[in-house]
Amino acid sequence: QSALTQPASVSGSPGQSITISCTGTSSDVGGYNYVSWYQQHPNKAPKLMIYDVSNRPSGVSNRFSGSKSGNTASLTISGLQAEDEADYHCASYTSSSTMLFGGGTKLTVL
Amino acid sequence: EVQLVESGGGLVQPGGSLKLSCAASGFTFSGSAMHWVRQASGKGLEWVGHIRSKPNSYATAYAASVKGRFTISRDDSENTAYLQMDSLKTEDTAVYYCTRPQGVNSGSYYVAWGQGTLVTVSS
Numbered sequence: 003q004s005a006l007t008q009p010a011s012v013s014g015s016p017g018q019s020i021t022i023s024c025t026g027t028s029s030d031v032g033g034y035n036y037v038s039w040y041q042q043h044p045n046k047a048p049k050l051m052i053y054d055v056s057n058r059p060s061g062v063s064n065r066f067s068g069s070k071s072g073n074t075a076s077l078t079i080s081g082l083q084a085e086d087e088a089d090y091h092c093a094s095y096t097s098s099s100t101m102l103f104g105g106g107t108k109l110t111v112l
Numbered sequence: 855e856v857q858l859v860e861s862g863g864g865l866v867q868p869g870g871s872l873k874l875s876c877a878a879s880g881f882t883f884s885g886s887a888m889h890w891v892r893q894a895s896g897k898g899l900e901w902v903g904h905i906r907s908k909p910n911s912y913a914t915a916y917a918a919s920v921k922g923r924f925t926i927s928r929d930d931s932e933n934t935a936y937l938q939m940d941s942l943k944t945e946d947t948a949v950y951y952c953t954r955p956q957g958v959n960s961g962s963y964y965v966a967w968g969q970g971t972l973v974t975v976s977s
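Heads up: the sequence lines are chains R and W, in that order.
Using this note's numbering, you'd call the opening residue of the first sequence number 3 and step up by one each time.
Using this note's numbering, you'd call the opening residue of the second sequence number 855 and step up by one each time.
If you are wondering where the hints come from, they were derived from the structure by calculation, not from laboratory data.
One should not assume that every hint holds.
Derived, one-sided and incomplete: chain R residues facing chain W with beta-carbon distance under 7 Å [claimed, not checked]:
id	residue
1	Pro48
2	Ser67
3	Met101
4	Gly106
Chain R is nowhere near these chain W residues, computed Cβ spacing over 12 Å in every case [what the hints assert, rightly or not]:
id	residue
5	Glu860
6	Gly863
7	Thr882
8	Gly885
9	Glu900
10	Gly922
11	Thr925
12	Ser927
13	Asp929
14	Ser931
15	Asn933
16	Lys943
17	Glu945
18	Thr953
19	Ser960
20	Thr974
This one's a predicted model, so the numbers in the text were calculated from it and none came from an experiment.
Cβ coordinates follow ideal geometry from the N, Cα and C atoms, glycine included.
Looking at chain R on its own, in the form it has when it is part of the complex (with noise of 0.2 Å):
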């Protein structure tokens, strides 16, 4: 199975909002209602930030939001801040009962 496609990379300024695109098939994103977002910082471990395409664990802010359409998934983060600044990746349940993820994008906070 080929990588989710994500945008290499996406910029924005503090207190705009972004979208981050994830692309699949409907063997996985188009499947299942089950694409989750990870958040991470360089040379720490992902976080959990979207799970079951709209869902926030505790703890995430409600800046992050998620939703799908059809093959493509995606992640919106309104109210950008500089913390925000990060590599994001998705990732969605296949119909192999496997896991496949996105090649991540690369936010950078102008």
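Let chain R serve as the given structure and place chain W on it in line with the hints.
Only chain W this time, still in chain R's reference frame:
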């Protein structure tokens, strides 16, 4: 508090073997599947494989890139998961994370990650 601590990484020659360990605490290890995920330097995350719990017959699954070379096992009495890596290739060079999944079947999202252990395959 959930803790996952990987160990066993290091430098190994192409064709060699290495066994990683993941010591877990803070949750009922025996009832949880465990996954391994890796990340080459500057690259995205890559799912490596998983092992399910005893009620699910300790079933395993692997990414195509490692199938037949890597083996995941577990010792529930020691709360530890393992990743045996054989016939290593230079492209296996990466930081390896163990993860605790939740969600459907074998797990559909990762609620906890270890700190990672670096495996370098080079002559």
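Evaluated hints:
no., hint, in the structure
1, Pro48, "6 Å, holds"
2, Ser67, "16 Å, violated"
3, Met101, "4 Å, holds"
4, Gly106, "4 Å, holds"
5, Glu860, "10 Å, violated"
6, Gly863, "14 Å, holds"
7, Thr882, "19 Å, holds"
8, Gly885, "18 Å, holds"
9, Glu900, "6 Å, violated"
10, Gly922, "16 Å, holds"
11, Thr925, "16 Å, holds"
12, Ser927, "18 Å, holds"
13, Asp929, "23 Å, holds"
14, Ser931, "26 Å, holds"
15, Asn933, "19 Å, holds"
16, Lys943, "19 Å, holds"
17, Glu945, "15 Å, holds"
18, Thr953, "9 Å, violated"
19, Ser960, "6 Å, violated"
20, Thr974, "16 Å, holds"
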